[in-house]
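Trainee: For the record, the sequence lines run as chains A and C. Heads up: the first sequence is residues 1 to 666, going by our numbering. Heads up: the second sequence is residues 1 to 268, going by our numbering.
It is worth saying that the hints were derived from the structure and are not from the lab. Keep in mind that the hints are not guaranteed to be accurate.
Keeping only pairs whose Cα atoms sit at most 27 Å apart, straight-line, the calculated DSSO-like set for lysine-lysine is [said to hold, decoys possible]:
1. C:LYS40 - A:LYS109
2. A:LYS592 - A:LYS641
3. A:LYS233 - C:LYS223
4. A:LYS114 - A:LYS641
5. A:LYS404 - A:LYS134
6. A:LYS109 - C:LYS41
7. C:LYS40 - A:LYS46
8. A:LYS46 - C:LYS153
9. C:LYS76 - A:LYS584
10. C:LYS153 - A:LYS633
11. C:LYS153 - A:LYS109
12. C:LYS251 - A:LYS233
13. A:LYS569 - C:LYS41
14. C:LYS179 - A:LYS46
15. A:LYS633 - C:LYS41
16. A:LYS592 - C:LYS76
17. C:LYS76 - A:LYS607
18. A:LYS233 - C:LYS229
19. C:LYS76 - A:LYS309
20. A:LYS233 - C:LYS257
21. A:LYS592 - A:LYS665
22. A:LYS421 - C:LYS40
23. C:LYS239 - C:LYS251
24. A:LYS592 - C:LYS40
25. C:LYS40 - A:LYS569
26. C:LYS181 - A:LYS46
Beta-carbon label-pair distances, calculated as ranges [what the hints assert, rightly or not]:
27. A:LEU50 - C:GLY188: 17 to 23 Å
28. A:ASP401 - C:CYS126: 53 to 59 Å
29. C:GLY150 - A:ASN535: 46 to 52 Å
30. C:LYS239 - A:ASP499: 52 to 58 Å
31. A:ASN535 - C:GLU80: 29 to 35 Å
32. A:PRO105 - C:LEU61: 24 to 30 Å
33. A:SER513 - C:ARG185: 49 to 55 Å
34. A:GLU487 - C:GLU80: 56 to 62 Å
35. A:ALA495 - C:GLU80: 50 to 56 Å
Just so we're clear, the structure is a prediction, and the values are computed from it rather than from any experiment. For glycine and all other residues, C-beta sits at the position ideal for the given N, C-alpha and C.
Here are the chains, one letter per residue:
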Amino acid sequence: MGFDRRTFIQLSVGGTVGILFTPVLWKALDDVSIWTQNWPWIPRLKYGALEDQPAVSKLCDSGCAVKVRKVAGSAFGTEGNEDSPLSKGGICPICANAVQVMRNPNRVKGPMKKVGEAFEPITWEDAKSMVADKLAAAKGKVAFISGDQTGTANEVFSGFLAGIGSEDYLQMPCDMQAASRAYNGVMGGTGQVAYDLENSDFVLLAGADAMESWGPTVANQKAFAATHPTGEKPTAIYMLASPVQTRTASVVDAWIPVPEEGMATFLLGVAYHLIRAGKYAGAADFGSFRSMIMDAYAPGKVEAAIGVKGADTAALAKQLLAASDPIVVPGGTSVATATAAFAVNMLLGSLRKVSEFPKVIQSAMSTSERMSKDLLTWVNKGAAPAVAMVYEANPAYSLPDDFKAGFVVSFATEWDETAAKADLVLPNAFTFERFDDMQNPYGIGKQTYSVGVPVCRPTLDVMASTDFILDVAASMGINLGFDSFAEVIAAKAEAVGADFDEASGGQYEGSYSSARASVLGASVLSRAAAPVRGNGAVVLAPYSQLIVGSQNVATTPNAPCVISTNVLKGGTLVAMMCSATAKKIGVSDESKIKLSGGNGEAAALVKINEGVLPGAVAVPLGLGHTVGDEFSKGVGDNVYKILTVRSEAATGATVWTGSTVNVAKM
Amino acid sequence: MHMKEFKIKWGMVIDIDKCTGCGACMVACQVENNIAPMTKKDPYNYVQALTKDRDDADNKLRTLTWMNVYELSNGKSFPEHEVAYLPRPCMQCGNPACVPVCPVVATDKNEEGGIVSQIYPRCIGCRYCMAACPYHARYFNWWDPLWPEGMDKQLSPAVSPRPRGVVEKCNFCHTRYAKAKDQARENGEDPMNLAEGAYVPACAEICPSGAITFGDLNNPEHKVHELAKSPHAFRLLEKLGLHPQVYYMSKREWVRKQGDNYNAGDKH
Ligand code: SF4
Ligand code: SF4
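Could you build all of it, start to finish, from the sequences and the hints given here?
Mentor: Given below as structure tokens:
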């Protein structure tokens with residue numbers, strides 16, 4: 001903090017006392033920069049009519065419902081959409097910068113094919129025949145990798161994939177996937193688990209950095225704001241269990257330090273007290289669940305495994321029992337953690353779900369089907385499709401392990417690591433230049449649907465990837481039932497029951513229902529819940545901040561000045577650890593270190609932060625791009641590459657919790 | 001020191017217990033006020049082009065963040081450690097330290113509403129005001145505002161970009177105030193008695209946590225009027241007597257103490 005006596009003294013020395021009376025009309029003067037300051041390279045403002053157009057911004061994982069602000073028909077910024085049930089007028093820091101991303105010179109300016117090591121322009125027509133030929137020759141050995149969690153675009157792509165005889169539709173690893181595999185897979189439920197934060201009076205965030213990077217962050221922040229009215233008594237208690245005091249930790253009522261790899265154990269430790277207090281869940285395996293908990297998750301055992309005291313889990317269980325509407329929210333890609341959280345919610349009678357919206361392309365995958373395949377397991381089994389298509393994802397950057405394919409098609413809007421590696425780059429229209437929608441962003445409490453129409457005319461030679469695939473499908477004789485994605489969207493909006501019009505999009509808000517799972521997952525949890533840790537010197541506690549970027553979107557143009565020096569300093573990433581850890585490994589504040597693990601190394605500066613679990617090192621995800629604009633390329637190192645991927649026992653999920661690294665001083 | 005009184009006093013009450021430090025307000029402020037991204041090259045600064053690239057974006061002394069979110073720590077060891085975030089716009093002081101030191105009256109506090117103005121074309125870049133402001137709310141344009149190619153195609157119509165050599169700061173999104181008054185006149189309402197929500201700065205509007213409440217501190221119908229009097233409310237370095245129009249709130253005593261730490265005399 002920079003407020004101190006020294007600045008006060010500066011003030012007394014420099015200050016002259018008195019008031020100068022010069023009535024100046026400074027509003028009028030503001031734009032009269034006609035003197036020496038008016039250099040030709042300083043852009044002049046253009047004026048004209050102001051308007052706001054509702055749109056969906058699908059840059060962040062869950063998407064923000066925004067309004068695009070325009071002057072004289074030209075976009076310059078975004079603002080919140082008060083009418084949206086999702087964002088209620090707020091925006092996340094990525095989507096706050098969306099128009100600047102749209103105008104970024106790093107956009108892919110037109111379709112490109114790789115010739116030797118370089119790219120050459122290709123026409124859209126040629127690109128279509130090239131893709132059709134490659135796909136025909138691939139004979140079903142085709143994979144589609146999607147980073148879009150919510151869009152009906154996935155129906156077009158998965159329906160098309162089915163048409164060419166492949167089932168390899170792979171979603172980028174995400175928390176939504178873990179939850180879906182836990183609830184729809186392990187526990188035998190149907191639908192998507194919902195978290196009604198707005199109406200909960202006790203929220204336990206079990207590793208979910210809800211106010212910063214987990215789920216629909218804006219909706220989460222709004223729910224938090226609504227239950228914590230400024231100047232009044234809060235109506236809900238929020239707690240965060242995590243290895244790092246993330247930004248969410250700054251506002252919650254209590255932070256419980258829990259290692260990421262110990263989250264399932266922690267939750268089952270809480271379940272112990274709930275069952276002791278007589279809680280019951282109507283699931284087929286309740287008996288075996290109870291005996292497993294009583295045997296393996298008694299307070300002493302939990303403390304020995306993860307260091308959380310029995311008194312703390314007991315106190316927490318007491319608060320959960322006293323609440324009228326408690327909810328536990330899991331974070332991360334561990335299916336075991338999600339299963340454990342849902343089991344606790346079942347014991348509390350608070351497990352809820354939203355139903356999926358009806359499909360409009362019949363051959364397409366449902367959301368839960370899309371979520372069922374594990375991308376890294378597929379990669380590590382040695383999959384080598386003849387063609388891989390990548391949409392709204394940057395696997396070459398954010399997968400800890402590399403994927404291989406004979407021919408890679410990237411639908412990137414901006415140049416990124418995956419596009420640079422691809423054989424064909426077919427720029428998708430930007431989120432404001434295309435039709436797109438968001439169905440039930442994972443984490444919301446009720447069914448919600450938002451649909452956006454193009455509000456900006458493309459200035460580059462881009463094409464909505466959905467329309468591209470519909471055209472290719474038609475040329476290959478695959479009938480998906482629609483000629484354009486605009487029609488798909490209109491049909492979807494109708495199937496959902498949204499009030500939709502072609503000029504301003506539309507939305508729908510439904511409700512939740514209580515979830516029914518047939519089992520609590522005892523047989524899986526008994527094998528999968530125990531913490532697994534690598535052999536390195538310290539455990540990695542990776543965290544995300546939207547201001548730094550996401551799996552898919554690199555740091556936005558206005559973000560660099562805003563990123564904290566606790567995240568990035570002098571272009572080097574910052575590794576935070578508590579003084580006990582620093583002492584143990586022989587480093588101190590500002591020490592330069594090298595972290596090595598997984599498939600790589602990362603250089604870092606040490607920052608002592610007492611909000612990090614002893615033995616852990618907190619590092620930011622999202623830095624260290626090797627392709628991109630000047631705001632992200634070569635800035636810090638890529639933490640995804642030092643994560644150690646393992647397959648979770650019993651669930652087979654790919655996880656990197658418990659990744660360890662060795663530390664060397666530089 | 002004599003303090004000018006205004007009928008309308010725009011102010012903020014920032015609830016630190018709600019701010020998550022997400023940074024959306026900072027980005028919104030930059031977009032609204034045409035603060036250029038920190039590009040590495042400056043082709044127009046011929047001398048600089050010969051010597052070195054522009055500063056790193058994480059050089060917080062050389063970049064412009066009218067809204068800046070500070071991280072506070074209670075200074076305790078694990079596991080007693082706590083963290084909080086404090087967004088800092090310009091305090092629009094009732095008794096501004098910056099105004100009397102400006103030799104050319106490029107900054108003033110004399111408009112109804114009590115917003116401390118900054119007239120860029122007048123500023124000669126002497127930076128006395130920056131030295132005077134104990135809140136570090138003022139920024140100097142070390143570089144010309146340059147947008148990467150194409151990104152300046154449409155800037156915010158709110159305010160002209162400021163050239164190198166000029167000091168700038170948060171002005172509570174003053175154009176929005178002007179617009180709200182015009183709107184009121186158009187609607188046949190009293191522009192000197194705007195309803196709550198008629199004028200909201202970009203940062204307060206975008207904040208997903210609702211941490212920033214904005215309004216007329218003098219108007220009993222505006223929420224800030226009461227909130228500023230809360231027992232949990234405080235102002236930064238209250239004892240300096242600058243009478244900021246920005247208030248903070250926190251139920252956490254350590255946060256309130258750090259906000260007024262000039263007695264303690266040490267930085268955190
Ligand atoms: S937008 Fe709101 S929550 Fe985010 S940093 Fe700013 S004041 Fe804090
Ligand atoms: S009031 Fe406007 S100028 Fe001031 S910090 Fe907020 S957004 Fe920036």
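Trainee: Determine for every hint whether it applies to the structure shown.
Mentor: Right, here's what the structure says about each hint:
1. C:LYS40 - A:LYS109: holds, 22 Å
2. A:LYS592 - A:LYS641: Holds, at roughly 19 Å.
3. A:LYS233 - C:LYS223: It holds: about 16 Å lies between the C-alpha atoms, which stays within 27 Å.
4. A:LYS114 - A:LYS641: holds, 26 Å
5. A:LYS404 - A:LYS134: holds, 16 Å
6. A:LYS109 - C:LYS41: Cα-Cα ~22 Å, so holds.
7. C:LYS40 - A:LYS46: holds, 26 Å
8. A:LYS46 - C:LYS153: Satisfied, since the Cα-Cα distance of roughly 9 Å is no more than 27 Å.
9. C:LYS76 - A:LYS584: holds, 19 Å
10. C:LYS153 - A:LYS633: holds, 23 Å
11. C:LYS153 - A:LYS109: holds, 16 Å
12. C:LYS251 - A:LYS233: Between C:LYS251 and A:LYS233 the Cα gap is close to 11 Å, so the pair holds against 27 Å.
13. A:LYS569 - C:LYS41: holds, 20 Å
14. C:LYS179 - A:LYS46: With a Cα-Cα distance of about 17 Å, the restraint between C:LYS179 and A:LYS46 holds, given a limit of 27 Å.
15. A:LYS633 - C:LYS41: Holds, because 15 Å separates the two Cα atoms, which is no more than 27 Å.
16. A:LYS592 - C:LYS76: With a Cα-Cα distance of about 24 Å, the restraint between A:LYS592 and C:LYS76 holds, given a limit of 27 Å.
17. C:LYS76 - A:LYS607: Given pair C:LYS76, A:LYS607 holds - Cα atoms ~15 Å apart, limit 27 Å.
18. A:LYS233 - C:LYS229: holds, 16 Å
19. C:LYS76 - A:LYS309: holds, 20 Å
20. A:LYS233 - C:LYS257: holds, 22 Å
21. A:LYS592 - A:LYS665: holds, 6 Å
22. A:LYS421 - C:LYS40: holds, 26 Å
23. C:LYS239 - C:LYS251: Answer holds: C:LYS239 to C:LYS251 is near 20 Å, not above 27 Å.
24. A:LYS592 - C:LYS40: holds, 24 Å
25. C:LYS40 - A:LYS569: holds, 16 Å
26. C:LYS181 - A:LYS46: holds, 22 Å
27. A:LEU50 - C:GLY188: 17 to 23 Å: holds, 21 Å
28. A:ASP401 - C:CYS126: 53 to 59 Å: holds, 57 Å
29. C:GLY150 - A:ASN535: 46 to 52 Å: holds, 49 Å
30. C:LYS239 - A:ASP499: 52 to 58 Å: holds, 56 Å
31. A:ASN535 - C:GLU80: 29 to 35 Å: holds, 31 Å
32. A:PRO105 - C:LEU61: 24 to 30 Å: Given a distance of about 28 Å, which is inside 24 to 30 Å, the answer is holds.
33. A:SER513 - C:ARG185: 49 to 55 Å: holds, 51 Å
34. A:GLU487 - C:GLU80: 56 to 62 Å: holds, 59 Å
35. A:ALA495 - C:GLU80: 50 to 56 Å: holds, 53 Å
Checked against the numbered hints above, the structure breaks none of them.
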